[in-house]
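Q: Below are the chains, spelled out letter by letter.
Number of protein chains: 2
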Amino acid sequence: MQRYFVNSNQIDENTGTIRIRDTDVHHIKNVLRLSVGDKLVCCDGDGADYRVEITGLEGEEVHCRIVAKTPSTGEPERLRVTVAPSLPKGDKMDWVLQKGTELGAFSFLPFSSIRTVVKLEGKKVSKKRERWQRIVKEAAEQSCRGRIPQVEPLMDWKGLIGRFADFDQVLFAYEKGGAPLARLLTERGPGSILVVVGPEGGFTDEETEEARSAGADIVHLGPRILRAETAPLALLSCISYTFGEMGGEPL
Amino acid sequence: MQRYFVNSNQIDENTGTIRIRDTDVHHIKNVLRLSVGDKLVCCDGDGADYRVEITGLEGEEVHCRIVAKTPSTGEPERLRVTVAPSLPKGDKMDWVLQKGTELGAFSFLPFSSIRTVVKLEGKKVSKKRERWQRIVKEAAEQSCRGRIPQVEPLMDWKGLIGRFADFDQVLFAYEKGGAPLARLLTERGPGSILVVVGPEGGFTDEETEEARSAGADIVHLGPRILRAETAPLALLSCISYTFGEMGGEPL
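From first to last, the protein sequence lines are chains A and B.
Quick note on our numbering: the first sequence kicks off at 15 and runs consecutively.
Quick note on our numbering: the second sequence kicks off at 15 and runs consecutively.
Just so you know, nobody snuck in bad clues.
Pairs involving identical chains hold if they fit within one copy or between any two copies, as the list cannot separate such chains.
Subject to a maximum C-alpha distance of 30 angstroms in a straight line, what follows is the list of computed DSS-like cross-link-like pairs (lysine-lysine):
id, residue 1, residue 2
1, 43, 103
2, 142, 103
3, 103, 190
4, 53, 103
5, 83, 190
6, 190, 43
7, 190, 151
8, 53, 190
9, 151, 43
10, 141, 43
11, 53, 83
12, 151, 103
13, 172, 133
14, 172, 142
The hints are simulated quantities; they were obtained by calculation from the structure and are not laboratory data.
Just chain A, with the same shape it has in the complex:
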């Protein structure tokens, strides 16, 4: 069933109604071509799902009647994993955002490092960020997330390092060394984890040392080289799995 995120001011629990607005209205009317009586799910992005039935399609809003309210189930309970990808080329960033959202990422911190090929400046930066946020919103709807992960503004290397202190653990992917993921995860409990992945050319030794000095755990994922867009998804999968967020109890 199609899922849309709504703000709390669109929900009226007293009258048992929800009003859908903006681009979702176009999607309902012109893409899905739904009718009065069709069912949807609206999520408030804060833990609640509303099963609704369309009652009106005229005008600029879609009016719905709340049929049932249930807790959202798509959010990880025990941990928050933020993915920081150093901008990969082409559509690989789209891929990381889409699949990262499916795999439960809490938010995204795109950044530039020494070997980042893609250079974004001026108006392009905000345009890109808007597009990335749209990709994440659609992926959150499709994968039944309970909230829309935020894509933070593009940051530089210093900015990224400065954010390390906000997390319980920082995992810095470096193919030339570091500890196995399994050991790093069992040493600490769940909480907030930042996963930092380099661009196609990887990180320099100096960047890795700087990350280590700033408190990051250097992690490697085995003998095979993972591409810039594969590594964050492998890490997200394994971390979620370890803490019971891919179905089942924590390992």
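With chain A's structure known, arrange chain B on it following the hints.
A: Frame of chain A, contents of chain B only:
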């Protein structure tokens, strides 16, 4: 360092030489534009890596001198995971093959199920398979695999079910039910595992029952819906991780 796979008949350990042939010659001469003296790695696809130095670039072969021979390190030691994706649309199959190879898949069994949208017939089937095998070969080179995973011919549903008996365990991904992955993996040791993933529309209840009757374990990966191209990579990551193949000891 660039990696190429060679057959045993291209390797002469007596004279300490290797002859690179066919499309790789074009890649060395015209894409990478290497010269005499440049270094490469040749893998025999059977456990050995040869560090070589180019000695001759004339003609249809590239001649190399063996500098050192070491064991390949890119192959999983404890288990073999075969990925069976029901043909997804567009370039999603390419993603599954490429990233599946990076993540250590042993081989690929593409198949059609009831809800598969893509229909391949006649000459298109063999053309596609050639293309898929090329993608896997390039990914195996780039990710430093010790062998090139095979892409089997496209099979139908009955054909796939008939292959279940070849594996120690079959994991059948079904988003509407099944056991958590962690429980299914700890019940059995490593060995040969077949991971079966549906197309965009998923599997029908009947297909799932048929798979279960044929001996498959029905697995689910938690509350979030994973796309057809995401699920195999998440499963591969978690299975490899559990058995110590993403770096580190088995969990």
